[in-house]
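Peer 1: Got chain A sorted already, so can you dock chain B onto it with the hints?
There are 2 protein chains.
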Amino acid sequence: MPPETQVTGRPMSLRCSESSGARTHVHTPTPLIMQAIAERLRTARPRIDVVALPDVTGWHVDPAGNLRHDSGRFYTIEGLDVLSAPGRPSAWSQPIIVQPEIGILGLLVKEFHGVLHCLVQIKMEPGNITTFQLSPTVQATRSNYTGVHRGRTVPYLEYFTEPARGRTITDVLQSEQGSWFLGKRNRNMIVEVTEDVPVHDSFCWMTIGQLHEALGVANLVNMDTRTVLSHLPFDVVPERSELLDEDSFLGALARSRRVAPRTRQSLTSWFISAKATREISRQRAGLRGIEGWTSVAGHLRHSDGRFFSVLGVRVETEGRETTSWSQPMIAPVGPGIIAFITKQIDGVLHVLLQARSQAGTFDVVEMGPTVQCRPGNYPDSTPPFLADVVGAPAGAVRFDVVQSEEGGRFYHATNRCLIVEADAGFATDVPDGFAWSTLHEISALIEHGHYFNVEARCLLACLNSLWRG
Amino acid sequence: MPPETQVTGRPMSLRCSESSGARTHVHTPTPLIMQAIAERLRTARPRIDVVALPDVTGWHVDPAGNLRHDSGRFYTIEGLDVLSAPGRPSAWSQPIIVQPEIGILGLLVKEFHGVLHCLVQIKMEPGNITTFQLSPTVQATRSNYTGVHRGRTVPYLEYFTEPARGRTITDVLQSEQGSWFLGKRNRNMIVEVTEDVPVHDSFCWMTIGQLHEALGVANLVNMDTRTVLSHLPFDVVPERSELLDEDSFLGALARSRRVAPRTRQSLTSWFISAKATREISRQRAGLRGIEGWTSVAGHLRHSDGRFFSVLGVRVETEGRETTSWSQPMIAPVGPGIIAFITKQIDGVLHVLLQARSQAGTFDVVEMGPTVQCRPGNYPDSTPPFLADVVGAPAGAVRFDVVQSEEGGRFYHATNRCLIVEADAGFATDVPDGFAWSTLHEISALIEHGHYFNVEARCLLACLNSLWRG
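For the protein sequence lines, the chains are A and B, in the order given.
Mapping to our numbering: the first sequence position 188 is 188, numbers consecutive.
Mapping to our numbering: the second sequence position 276 is 276, numbers consecutive.
To be clear, the hints were calculated from the coordinates, so they are not data collected in a lab.
You can't tell identical chains apart in this list, so a pair holds if it fits in one copy or across any two.
No more than 20 Å apart at the CA atoms, straight line, and that leaves these computed lysine to any residue pairs for SDA-like:
1) K275 - G183
2) K275 - A91
3) K275 - H448
4) K275 - P86
5) K275 - D363
6) K110 - E162
7) K275 - L173
8) K343 - L244
9) K275 - P163
10) K343 - A392
11) K110 - P163
12) K275 - T168
13) K275 - V98
14) K275 - S143
15) K343 - D245
16) K343 - P393
17) K275 - L157
18) K275 - E101
19) K343 - A396
20) K110 - T161
21) K275 - T161
22) K275 - V430
23) K343 - F249
Okay, chain A solo, but in the shape it has when bound:
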């Protein structure tokens, strides 16, 4: 296993933009970033091979059959028995990643010439379908930021540890993929500085507009960046008041940011009701002999071939910092779909949220997208609203880009991210478990942890990206 934040490859052109003289742009132009990613691929020559679990060096199977790093660090992959009720009471067992430590996903922002810029890293993760993606300034596990290694191994970490070196704009504990992680969460932080910040190799400044544009490119902005971006307060992305009177999607979006939380109590009541009436009981169990899962060619698979498999990955890189390691990962079967159905109600854009309970959900229920599924897992049925989303007419599709899930734990895990605008005929009355909200309301709740799951936060970042001019 590598250090959590690693700087590979030799110094390259990314830094140059910082020294190109007064009044010029500080951000690295997007073509240069794409070029830098290509250069990384060329110099680091990362070689990422899928291997059998017994061939994952440095990891062993413990007496309960769980996968564990020899150092005891990082994470384990264990078995979980799940019982969920009521609604469709169901019981199942599955492998799950256990990583109780709380890490930091930190984005450093700074104003240059009146424009807010974000310090972004070009970072490799073995599970990334595109190998290198744009990550936040810091992705650090707790062992990186406490104890003996404090502040030494992770560049820029000191801006996010206590006391923060700048103005903390966002600091909230948010969950990650409940299907594959047991109660995992990270601090999502945005810190603004005014001091000079050295730009290390593989880092660059991007404007928020640039990042929003990059969200339109498949598998470019990584999950950690997307979840942090979903917290950007409205005063950081200023109001485009010229849109407010427009009879358009963007006009309805502009008004959605403004509408007082008239429905606030009923949304939170709906949410708390779901917490109070649903039950999910979980029992950690050994991975050995876990029901419904079998080892095939050294990978752990569901016996129906559905859901995901647990496999091994071996990584080798060249260049300035040669490194190699192996690790187990979760590889979903087929791509997923996550989608918001939006609708103008009284001229205000509303987003349709779903109360979701997953195996690893930290606190019973979080609000997720309207649709969140891997269609391949439903051979005999169709999740609610999936047909509305995939069958939406082209003119109603406001966003449609494939994005990657966390490449440090998940292998080639992608979701097609869709934002669809429903027409006036779409029923405002929705089934149990669904509720409408506005961006105003969402932005008030997202400051607090565990309201929105990572898939909903990703789509919120995508929805906010449509705001750009």
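Peer 2: Relative to chain A, chain B alone:
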């Protein structure tokens, strides 16, 4: 075990005030309420005896040694092994109440003649040191409000179930005593109605001013009422703007409600930091042979005689609805102290909060009072700030009243509730684990669950009660 909300005794004078003609007061005058409580005691003649655990009818010891109701309902008392780190790493085992169901604590409010009134019940709980106390309109477990018994057994429940029959002012999931409950929480709800509400036997309307006054009487307002009251939004208890220029405690309190959350991010960062750096690992274990605990005369006690014991209680009442039952309860050793140290900083009242992790805390840490302890548990040491609180000069003590903890689970559990105003010499720099806040900031966070523990919420209700004229 009785129905969770039971109506005992015969019809009495409480209702009369409702029919006493237009423009008269709707609330029941406090002397009449005190009289009604005395009358209840006289007619119900509750007899509450402490008994040995084996003599608790209807309960049995399961194979793991845990205490369980024969029906499988209500709650269990189990063993818990706790490991907490870092700071003072410690490991211990203790009995704990397991009751994963989420109940409703609901207060129905209605405006009469421009004054908000709360519908309160005079309710008996076997653990109450004063037997009858003032409870919220509804105290219901989940089995009361879902399934077959929906709305039939608990009066007024229909005002709080979905969809609420009135305007929901507050609906938030909050935790209860982390020392004795494993992750227990209830919905704290305030619902305002405009329709006519029948006043059933043992219920009466009280103004918020009356309830605030009642908080000044020892063991009168029960814990459930106090936690719900702590959520009263400021617009429900109007601003007393005449105080804003006063150079007094109340003036500083008035300004504390107004100060914009300048320190908001740093308070939440401090809180999230505590969550991220502390660890508490818990393993449910059988109560049989739990380390450090022994059975003495049929009660389970800590071998040092500290903390609490688990004992049995047998209840018999007379009057119109004769009833009897037995149940196990937790009885703390000696009274506790919970206290806020407050201080005027730049003329604004600040409250000193402590990040607390207890055995049963739902999510690692919650914000608690400055001081929260049973001094008898610390024979060889003194918790931080305890001396400042108990040694405060009389003129600095703003509130000093003994209040009861939940009488349905805890036997004669009381806390001396203190609010002390520190003088200018009191250090504003506080140790790790403590932070200052204002009421403005607190009121923004208390709308969301799991920021403040039940002891802090109780003191907030007491602090708000000082606001009355």
